[in-house]
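Please build the complete structure, drawing on both the sequences and the hints.
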Amino acid sequence: MYKKLNLIGLILLLVTSTLMGFGQNIANEEWNQFRGPDRNGISTDNITNSDCNGNNLELIWKQEIGSGFSELLISKGIIYTMISEKTDSLQGYEYIAAFNERDGKELWRTKVDSIYIDEDGWGDGPRSTPIIDSENIYSLSGHGKLSANSKKDGKLIWQVDFVVDFGSTTPRWGFASSPIIVDNKLIMEVGGTESRAFMAFNKSDGSIIWSDGAGNASHDSPLKVTIGGQEQILFANGSKLYSYSSDGDTLWTYNMPFRGATAMPVLIQDNKIFVSAVRNPGFFIVQISNNKVTELLTGSSMKNDYSSCVYHNGYIYGYHVAAVRCISAETGEVKWTKRGFGKGSLMLVDDKLVVLSDKGKLVIVDANPELYSELATVQALEGKSWTAPSFLKGKIYVRNLTGFACYKIK
Amino acid sequence: MKLITKYIILTLILTGAYGTALCQELDEIIQLHLKAHGDLTKWDEVESMKITGLFTAFSEEDDFMAIKTKDGSYYSELALGKADVIEGFNGTSGWTIDPWFEILYPRELNRDERNVFKQKAEFFTPFYNYKEKGIEIELIGKTNIDGIEVFEIKLTRPSRYKETWFLRADNYLEYKYTSRWVDFTYGVPSETYFDDFRDFDGMIIPCFVERTFSQRDRMLIIEDIEFNVEVDPNIFVMPRSKEIEDIEFMVGEWNVAVKAFYSRGNLWYKVDSTESIIQFESTNLISEKISFSNSFVQSTINNFTFNSNNNNYRISSYDGITSNINLFDGYKTDTTFIIENAQIGCDSTFSLNSRISYGNITVDTFEAEISQSNDNGETWNSSLKLKYYRKKEE
Chain A
1 MYKKLNLIGL ILLLVTSTLM GFGQNIANEE WNQFRGPDRN GISTDNITNS
51 DCNGNNLELI WKQEIGSGFS ELLISKGIIY TMISEKTDSL QGYEYIAAFN
101 ERDGKELWRT KVDSIYIDED GWGDGPRSTP IIDSENIYSL SGHGKLSANS
151 KKDGKLIWQV DFVVDFGSTT PRWGFASSPI IVDNKLIMEV GGTESRAFMA
201 FNKSDGSIIW SDGAGNASHD SPLKVTIGGQ EQILFANGSK LYSYSSDGDT
251 LWTYNMPFRG ATAMPVLIQD NKIFVSAVRN PGFFIVQISN NKVTELLTGS
301 SMKNDYSSCV YHNGYIYGYH VAAVRCISAE TGEVKWTKRG FGKGSLMLVD
351 DKLVVLSDKG KLVIVDANPE LYSELATVQA LEGKSWTAPS FLKGKIYVRN
401 LTGFACYKIK
Chain B
1 MKLITKYIIL TLILTGAYGT ALCQELDEII QLHLKAHGDL TKWDEVESMK
51 ITGLFTAFSE EDDFMAIKTK DGSYYSELAL GKADVIEGFN GTSGWTIDPW
101 FEILYPRELN RDERNVFKQK AEFFTPFYNY KEKGIEIELI GKTNIDGIEV
151 FEIKLTRPSR YKETWFLRAD NYLEYKYTSR WVDFTYGVPS ETYFDDFRDF
201 DGMIIPCFVE RTFSQRDRML IIEDIEFNVE VDPNIFVMPR SKEIEDIEFM
251 VGEWNVAVKA FYSRGNLWYK VDSTESIIQF ESTNLISEKI SFSNSFVQST
301 INNFTFNSNN NNYRISSYDG ITSNINLFDG YKTDTTFIIE NAQIGCDSTF
351 SLNSRISYGN ITVDTFEAEI SQSNDNGETW NSSLKLKYYR KKEE
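Heads up: the protein sequence lines correspond to chains A and B, in order. Under this note's numbering, the first residue of the first sequence carries the number 1, and numbering increases by one thereafter. Under this note's numbering, the first residue of the second sequence carries the number 1, and numbering increases by one thereafter.
One or more hints might be untrue.
To be verified - Listed below are the simulated DSSO-like cross-link pairs for lysine-lysine, each with C-alpha atoms no more than 27 Å apart in a straight line:
{"hint": "1", "chain 1": "A", "residue 1": "K338", "chain 2": "B", "residue 2": "K120"}
{"hint": "2", "chain 1": "A", "residue 1": "K86", "chain 2": "B", "residue 2": "K82"}
{"hint": "3", "chain 1": "B", "residue 1": "K154", "chain 2": "A", "residue 2": "K361"}
{"hint": "4", "chain 1": "A", "residue 1": "K361", "chain 2": "B", "residue 2": "K176"}
{"hint": "5", "chain 1": "A", "residue 1": "K335", "chain 2": "B", "residue 2": "K154"}
{"hint": "6", "chain 1": "A", "residue 1": "K395", "chain 2": "A", "residue 2": "K62"}
{"hint": "7", "chain 1": "A", "residue 1": "K338", "chain 2": "B", "residue 2": "K142"}
{"hint": "8", "chain 1": "B", "residue 1": "K176", "chain 2": "A", "residue 2": "K338"}
{"hint": "9", "chain 1": "B", "residue 1": "K391", "chain 2": "B", "residue 2": "K259"}
{"hint": "10", "chain 1": "A", "residue 1": "K335", "chain 2": "B", "residue 2": "K176"}
If you are wondering where the hints come from, they were derived from the structure by calculation, not from laboratory data.
Okay, structure coming up:
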């Protein structure tokens with residue numbers, strides 16, 4: 001009888017352990033939006049030191065795809081992103097496109113807007129990263145057209161034009177905010193007139209569910225966090241940090257000590273928000289409790305320009321202007337700094353940083369506050385590489401201005 | 001009281017001793033720093049350097065070339081994103097051609113920029129011959145940056161611009177310095193980091209230099225250095241704008257014959273002989289002073305510039321008698337230089353269009369024909385001709 005109970009207990013323990021992953025995260029099944037499934041630049045996959053040792057970064061494929069900065073989304077063997085193609089020196093189109101994950105070959109593309117030409121020469125084409133759900137892909141063009149297309153074949157389902165329909169002003173360097181889905185709402189920073197700075201659209205037909213706020217569209221994207229059991233949508237717009245419920249009610253606002261944060265806010269330790277900008281003072285951390293905001297820390301040891309940080313075990317890793325840096329989330333103390341990456345990007349897998357320099361050097365770094373330690377490195381791409389890497393099932397997907405590549409950790 | 005006096009004396013002695021010790025330590029650090037840069041006798045023989053490598057701005061890497069001379073001159077060609085930038089500095093003043101300012105001709109450097117070029121022109125370290133250069137230095141102490149133990153040294157240039165240098169305590173090479181830099185001509189704080197020190201024929205030079213200022217990031221990777229290259233001193237001289245050079249034929253001192261047209265007789269009559277001085281004022285400005293008599297004496301100052309925004313010449317003509325200021329737009333062909341009234345003068349009632357055609361251009365002569373139009377430029381009636389004869393040196 002005891003043996004039987006023990007056996008049942010063991011089976012139950014195994015099942016429970018498997019479900020709970022013995023305290024480990026369940027690996028992501030897809031990389032479905034800007035900065036990954038939780039929009040925090042973190043993959044819940046596992047990689048070990050031995051996976052990386054000996055420069056075990058193997059090129060699987062590399063393809064030219066067309067100009068753009070959108071991150072790469074991966075789901076069920078398909079890569080989705082936005083691209084552009086010029087028809088002459090001043091004209092062309094932006095596309096939503098799908099590629100075979102095995103070889104990077106294009107499966108389909110659908111025109112969504114005319115191409116955004118960057119007058120400063122930083123790079124043409126889309127800036128925003130789309131988001132996918134089970135059926136569709138939702139994207140924002142550089143000129144501000146929000147589109148829903150079928151994931152299957154790219155067929156257009158609906159489209160709204162921020163400039164024409166909501167009076168938005170195209171930001172310098174184009175619309176760059178990436179959409180987020182909460183429930184069935186597609187929530188966006190629109191920058192429209194008449195209290196249409198922030199809007200929620202019915203993802204099925206593009207109809208407006210709510211709109212609120214004043215201010216132009218920034219280059220930042222909304223972030224969903226859950227604080228104290230309450231779902232909140234954060235917008236770092238202009239000189240304010242806004243929190244909305246998914247129904248469009250303002251939960252709280254906070255006057256940031258700088259304007260124009262481009263890097264994403266980062267949730268740390270369940271109820272704290274870290275926001276950084278390249279302008280002084282550099283960063284702040286606030287604590288949210290019952291929708292009350294308390295400033296905890298302001299510092300200059302992390303100044304994000306357009307690349308966002310990740311939080312891991314009490315430390316923040318990110319680009320301080322153009323150097324990769326680790327700081328304490330408690331004190332802001334600099335733990336280490338590594339130069340030579342330019343204004344690149346990074347993400348976190350397990351306890352490893354996947355760092356991409358602004359010129360395409362891919363480095364796996366131990367996310368260890370005590371020591372900067374490179375585990376593997378490869379010149380993954382050439383030229384301007386401002387798009388953050390994506391990670392799924394042991395593969396790293398990287399993009400430069402005109403092409404993309406897939407690397408496998410052996 | 002005696003006790004206090006003794007204490008003060010003791011404090012002064014100790015402070016003085018500490019100061020002397022710091023001075024000694026500073027001298028020693030500087031000597032070790034210079035030694036770390038290689039054979040000083042070799043450095044003493046270097047008169048010029050040509051540096052080539054790769055320069056990264058806005059994440060775009062491109063070729064870089066700079067020439068430095070021992071007397072503090074500096075010239076470089078580099079790319080800032082899509083724009084090719086050329087800059088020169090003669091040790092005191094300098095210029096830059098930087099399309100980011102939407103000006104395609106050279107412009108003079110301001111005070112903050114000159115301070116930047118003083119830094120750029122340093123041969124390899126500002127501590128080399130620092131006393132001769134009028135640089136003051138002070139040891140602040142030891143500190144730690146990025147986990148590296150460094151000596152912190154305050155440096156003050158003769159212009160009173162200050163820098164802080166951090167020399168590694170383990171090898172005395174520079175790790176970092178902070179200084180005033182410029183972002184779109186405005187002074188901003190900067191941080192510069194050095195790495196990848198390499199041996200060039202016994203001289204040690206950092207081949208990785210990264211600088212951040214405001215949100216900017218600039219990275220220089222030195223690939224090669226040639227020493228004692230022949231340097232044409234003219235490269236440091238501010239060039240003139242190409243378009244201003246195109247009307248250089250006007251520059252000089254002139255005798256001018258003035259003729260007026262009398263429609264009754266359909267004839268040109270000489271009405272005056274006068275003089276004109278036309279000279280370069282700056283890279284994009286030529287000015288003329290002329291006074292001549294027709295019915296009454298006209299004293300004018302004419303300023304010729306090139307407006308790169310509109311891609312044409314812009315000329316202002318100030319009449320000292322009537323106080324009228326007229327603006328003209330102009331264009332140059334192979335044989336003539338024509339300026340026309342742009343109808344944006346101070347006198348809003350002005351309705352007569354004017355035109356001056358500069359033609360019959362030779363090395364020593366040219367002619368300016370002044371015409372008016374009453375029909376918005378459909379037809380022109382010539383009224384004056386000014387024939388310029390270059391004055392010969394006696």
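The hints, checked one at a time:
At most 27 Å may separate the alpha-carbon atoms for a hinted pair to count; A:K338 and B:K120 meet this at roughly 24 Å. The suggested pairing of A:K86 with B:K82 holds, with an alpha-carbon distance near 18 Å, which does not exceed 27 Å. At most 27 Å may separate the alpha-carbon atoms for a hinted pair to count; B:K154 and A:K361 exceed this at roughly 36 Å. With a C-alpha separation of about 24 Å, the suggested pairing of A:K361 with B:K176 holds against the 27 Å cut-off.
About 25 Å separates the Cα atoms of A:K335 and B:K154, which keeps this hinted pair within 27 Å; it holds. Distance check on the hinted pair: A:K395 and A:K62 sit about 13 Å apart at the alpha-carbon level, within 27 Å; holds. A threshold of 27 Å between alpha carbons decides the hint, and for A:K338 with B:K142 the separation of about 22 Å falls inside it, so the pair holds. The straight-line distance between the Cα atoms of B:K176 and A:K338 is roughly 13 Å, inside the 27 Å bound, and the hint therefore holds.
The straight-line distance between the Cα atoms of B:K391 and B:K259 is roughly 19 Å, inside the 27 Å bound, and the hint therefore holds. For the suggested pair A:K335 and B:K176, the alpha carbons sit about 18 Å apart, so the restraint of at most 27 Å is met.
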